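Novice: In the order they appear, the protein sequences are chains R and U.
Quick note: the first sequence uses our numbering, first residue 1, plus one each step.
Quick note: the second sequence uses our numbering, first residue 116, plus one each step.
FYI, nobody ran anything at the bench for these hints, they're computed from the structure.
Mixed in with the good hints, there may be bad ones.
Pairwise CB distance ranges, derived in the manner of DEER restraints [what the hints assert, rightly or not]: (1) R:38 with U:173: 26 to 34 angstroms; (2) R:55 with U:145: 14 to 22 angstroms; (3) U:194 with R:63: 43 to 51 angstroms; (4) R:68 with U:186: 40 to 48 angstroms; (5) U:197 with R:62: 42 to 50 angstroms; (6) U:170 with R:20: 43 to 51 angstroms; (7) R:63 with U:144: 27 to 35 angstroms.
Quick caveat, the model's predicted, so the values are computed rather than measured.
For glycine and all other residues, C-beta sits at the position ideal for the given N, C-alpha and C.
Each chain, letter by letter, is given below.
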Amino acid sequence: EAGVAQSPRYKIIEKRQSVAFWCNPISGHATLYWYQQILGQGPKLLIQFQNNGVVDDSQLPKDRFSAERLKGVDSTLKIQPAKLEDSAVYLCASSLEGRGAYEQYFGPGTRLTVT
Amino acid sequence: AQSVTQLDSQVPVFEEAPVELRCNYSSSVSVYLFWYVQYPNQGLQLLLKYLSGSTLVKGINGFEAEFNKSQTSFHLRKPSVHISDTAEYFCAVSETGGFKTIFGAGTRLFVKA
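Extracted from the complex, chain U is given alone in its bound form (with noise of 0.2 angstroms):
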């Protein structure tokens, strides 16, 4: 069965300045990755996805994200925060051929002014 590790549960950072959510999994299989975005009181909105090919992918609102298969790793990165940027982020993973999909804990993103 697949797990989702989300190594940071608050990441407060300054507005312009990079950052770098954190996401490990574990699976017996292939994957698919995720990651999804949750603004306060509303629902959850994908962010990008690793489906397969190219390990870097790149998202909405200047989110990027590389798949790292030996270290089964899917980072999200951004050069620059906006205050707007504040949420949650959620990564997820799923086995390819399968149904589920499994949620991490979550990180939850302040960018201060």
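With the rest of the complex left out, here is chain R (with noise of 0.2 angstroms):
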């Protein structure tokens, strides 16, 4: 089967410009997950979707960051305006359905570099 794609693979912007993701999960998977993973650090849920509602978006920063899946498929990360900390690779996941157990699959992530 084809795993969760992403594009683009790597991205340079400047600081307060706009910069978005996309994500094409696997097919069948019900839950769709965006982690913002910085250099040394684990990944960091941004935000959950369950078809396409949102089931948890406690630490995506709102003024800045979006999200959207529309029609429960594929999904788009948008972040305007970008500053300096937004650096980091974003990686998108899906799962069969979003309870704990369920294993998360993982595309290969966007590269983001601000300057």
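Take the two lone chains and join them into the complex the hints point to.
Specialist: Now the structure itself:
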């Protein structure tokens, strides 16, 4: 089966610019996650979708980050305006279901550099 | 709320030597435990998981982990490592009945020839 697809793989922008990342989960997976992974740290959950509804967005900086999952399939994460501290790898993952017992399948990530 | 501590940020080891990567967790309820591996420029992939039952869990690539409830630990072991095992390893925990998975900071395993 095809894995989780993400694009772009790399992005360099200047601070105060905007950027968008795209994710296509594994077919049939109801749950989609966006994580932020800062160099030297573990992934931190930004937002979790169950189909096209939000389960958890408690750590999403809502003044600058937004995410949507229209039609319960692919998803877009946007940052506007970007700050230097947003430099990180943004990982998308999906799972069959949202409960904690289910394995998450990760995409290759998008490496964002904000200058 | 649950939390995860990986006690070693880096573990250098010679090829064919045994290795143990340590993970401790904190939670007020029962948990599920996971180990994921991340190779350079790739996403994470599951090595093994503990949901219930036998406390010794075997995973892919010859890795195994043991759940110790009294010590709230889930250490990862491999009896003989290969150069190809060089990667970042993440311990993760989620509470039974919950939806959120918390990841540790990671341990970088570096296997030397």
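Novice: Does each hint fit the structure? Answer for all of them.
Specialist: Okay, the hints, checked on the actual structure:
no.: 1; hint: R:38 with U:173: 26 to 34 angstroms; verdict: 32 angstroms, holds
no.: 2; hint: R:55 with U:145: 14 to 22 angstroms; verdict: 20 angstroms, holds
no.: 3; hint: U:194 with R:63: 43 to 51 angstroms; verdict: 50 angstroms, holds
no.: 4; hint: R:68 with U:186: 40 to 48 angstroms; verdict: 43 angstroms, holds
no.: 5; hint: U:197 with R:62: 42 to 50 angstroms; verdict: 45 angstroms, holds
no.: 6; hint: U:170 with R:20: 43 to 51 angstroms; verdict: 44 angstroms, holds
no.: 7; hint: R:63 with U:144: 27 to 35 angstroms; verdict: 33 angstroms, holds
This entry satisfies every hint, going by the numbered hints stated previously.
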